[in-house]
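Asker: Working from the sequences, and respecting the hints, build out all of it.
Residue-level listing of the chains:
Protein chains: 2
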Amino acid sequence: MKLQTAIDRVSLTEACHLAAQLDGKTDIIEMGTSLVKDYGNLAIEKLRGVIHHSELLVDSKTIDEGAYEFNQGFKFGADIITVMGAASYDTLQVCYEVSQQINKTMMIDLLEVSDEKIKKILDFPQAIYTLHHSIDKKDQQDAVASVSDFHQKFPQINRLAIAGGIDLKQATALAQQNLVEVVIVGSKITKASSMNEAVNEFMKEIKGYDSNNYERNK
Amino acid sequence: MKLQTAIDRVSLTEACHLAAQLDGKTDIIEMGTSLVKDYGNLAIEKLRGVIHHSELLVDSKTIDEGAYEFNQGFKFGADIITVMGAASYDTLQVCYEVSQQINKTMMIDLLEVSDEKIKKILDFPQAIYTLHHSIDKKDQQDAVASVSDFHQKFPQINRLAIAGGIDLKQATALAQQNLVEVVIVGSKITKASSMNEAVNEFMKEIKGYDSNNYERNK
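Protein chains in written order, with the numbering used here: chain A, 1 to 218; chain B, 1 to 218.
Among the hints, a few may not be true.
For chains that are exact copies, the list does not tell them apart, and a pair is met inside one copy or across any two.
Unchecked claim - As a list, the in silico DSBU-like pairs of lysine-lysine whose alpha-carbon atoms are at most 30 Å apart:
| no. | residue 1 | residue 2 |
| --- | --- | --- |
| 1 | Lys-138 | Lys-75 |
| 2 | Lys-75 | Lys-46 |
| 3 | Lys-204 | Lys-119 |
| 4 | Lys-46 | Lys-169 |
| 5 | Lys-117 | Lys-138 |
| 6 | Lys-117 | Lys-137 |
| 7 | Lys-138 | Lys-169 |
| 8 | Lys-46 | Lys-138 |
| 9 | Lys-117 | Lys-46 |
| 10 | Lys-188 | Lys-138 |
| 11 | Lys-137 | Lys-75 |
| 12 | Lys-120 | Lys-204 |
| 13 | Lys-120 | Lys-188 |
| 14 | Lys-153 | Lys-119 |
| 15 | Lys-120 | Lys-138 |
| 16 | Lys-120 | Lys-169 |
| 17 | Lys-138 | Lys-104 |
| 18 | Lys-204 | Lys-117 |
| 19 | Lys-153 | Lys-46 |
| 20 | Lys-137 | Lys-120 |
No lab work stands behind these hints: they were computed from the structure.
Answerer: Written out as structure tokens, the structure is:
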């Protein structure tokens with residue numbers, strides 16, 4: 001299981017500072033939607049400039065104009081870009097085509113997507129499908145149960161991720177469950193009193209090794 | 001009926017140039033999602049700086065983190081911000097609260113939203129609900145028929161807009177139909193050989209007067 005660490009709601013300078021610290025200590029560094037919305041795709045280059053070991057995911061949450069947004073995101077340095085499962089099939093298809101053509105990855109955000117809609121968007125085998133609990137919702141999700149339930153309904157999806165308030169205990173349980181390829185963690189790492197210790201702790205729990213030795217163990 | 005003119009897929013410098021030309025000649029100037037994604041919310045200020053008569057809509061297409069995105073957008077100068085109807089009810093609610101608190105407007109983009117979902121998000125009386133045909137879809141919409149159909153299904157929504165490939169003929173028919181508050185036009189104006197003539201022609205058709213005398217006629 002990979003750890004994706006999301007950076008959100010900070011200045012671009014602070015985001016670059018955090019990304020430089022996280023580089024190589026988490027599998028994927030996420031430029032959160034708040035950074036995309038505040039600073040734009042052109043700021044991807046700034047983050048790309050300080051990331052040499054981890055992958056860079058841009059949480060674009062594209063929902064229309066798929067080709068334009070995906071081409072821009074990859075041009076400025078993204079390895080993975082998100083598209084909403086709520087988008088039209090045609091949007092998902094064009095995002096997938098752009099990603100596949102240049103060997104990059106599309107992540108489909110399933111925020112608020114019904115099972116009926118999911119059934120219609122199952123044919124992107126190289127895409128990562130992300131179970132996502134809205135940050136604006138007041139209730140909590142049971143991550144392991146959500147994944148188990150989803151896997152039973154859609155066993156054909158073999159690249160899965162999960163996001164939304166995941167803490168260390170949930171991440172550990174998800175690693176044991178072994179159905180999810182990527183676990184996405186935000187403030188539990190980036191707002192921890194020591195970010196370095198927090199990311200290290202997550203990596204140890206989910207991978208069984210010290211992220212300070214990540215490059216050696218990869 | 002108001003005319004909203006959308007600026008998309010140009011450099012920020014060009015967008016400011018177009019906005020300055022359109023100011024006062026269209027009711028609403030839209031900073032398109034492509035500009036938000038490329039340059040970020042901070043660029044709203046640049047457009048705001050050249051717009052003195054028209055309203056400024058930021059097509060944020062917010063789908064989560066509603067309070068953060070709406071507060072940022074309004075802070076930097078938006079009069080109207082878009083949220084996706086596909087977002088969770090909680091996201092829509094918080095965007096509405098932020099908008100109402102400071103007397104600004106929320107526009108709900110109904111792109112790919114089912115009737116079942118629409119039924120659950122009818123309780124935002126001051127919001128503008130936008131029928132939106134995805135730019136990535138290969139088929140065309142019949143704007144007048146879409147509005148008529150929608151109005152029959154949801155007569156309680158009295159602030160309506162429509163977007164997606166609207167041309168002069170469709171805009172004229174929509175004005176005659178008299179159900180829509182805002183018609184949204186993009187490339188048919190901004191990519192016309194003469195943008196000034198094009199915006200003038202749309203305003204003449206839908207308002208019955210010359211947009212060069214807009215301020216006098218308002």
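Asker: Taking the hints in turn, state whether each one holds.
Answerer: Here's how the hints hold up against the structure:
1. Lys-138 <-> Lys-75: Cα proximity of Lys-138 and Lys-75: across copies only (25 Å, versus 37 Å in one copy).
2. Lys-75 <-> Lys-46: both (13 Å within a copy, 24 Å between copies)
3. Lys-204 <-> Lys-119: neither (36 Å within a copy, 46 Å between copies)
4. Lys-46 <-> Lys-169: neither (33 Å within a copy, 45 Å between copies)
5. Lys-117 <-> Lys-138: both (24 Å within a copy, 19 Å between copies)
6. Lys-117 <-> Lys-137: So Lys-117 and Lys-137 pass the 30 Å test inside a copy (21 Å) and across (16 Å) alike.
7. Lys-138 <-> Lys-169: within (20 Å within a copy, 46 Å between copies)
8. Lys-46 <-> Lys-138: The answer is neither: 34 Å in one copy and 36 Å across copies each exceed 30 Å.
9. Lys-117 <-> Lys-46: neither (36 Å within a copy, 39 Å between copies)
10. Lys-188 <-> Lys-138: within (18 Å within a copy, 43 Å between copies)
11. Lys-137 <-> Lys-75: Close across copies (24 Å), not inside one copy (34 Å); limit 30 Å.
12. Lys-120 <-> Lys-204: neither (37 Å within a copy, 43 Å between copies)
13. Lys-120 <-> Lys-188: neither (34 Å within a copy, 33 Å between copies)
14. Lys-153 <-> Lys-119: Cα proximity of Lys-153 and Lys-119: in one copy and across copies (10 Å, 26 Å).
15. Lys-120 <-> Lys-138: Close inside one copy (29 Å) and across copies (17 Å); limit 30 Å.
16. Lys-120 <-> Lys-169: Neither. Shortest intra-copy (33 Å) and inter-copy (34 Å) distances fail the 30 Å Cα cut-off.
17. Lys-138 <-> Lys-104: between (34 Å within a copy, 25 Å between copies)
18. Lys-204 <-> Lys-117: Neither. Shortest intra-copy (36 Å) and inter-copy (42 Å) distances fail the 30 Å Cα cut-off.
19. Lys-153 <-> Lys-46: Neither. Shortest intra-copy (40 Å) and inter-copy (48 Å) distances fail the 30 Å Cα cut-off.
20. Lys-137 <-> Lys-120: For Lys-137 and Lys-120, both the intra-copy (26 Å) and inter-copy (15 Å) Cα distances are at most 30 Å.
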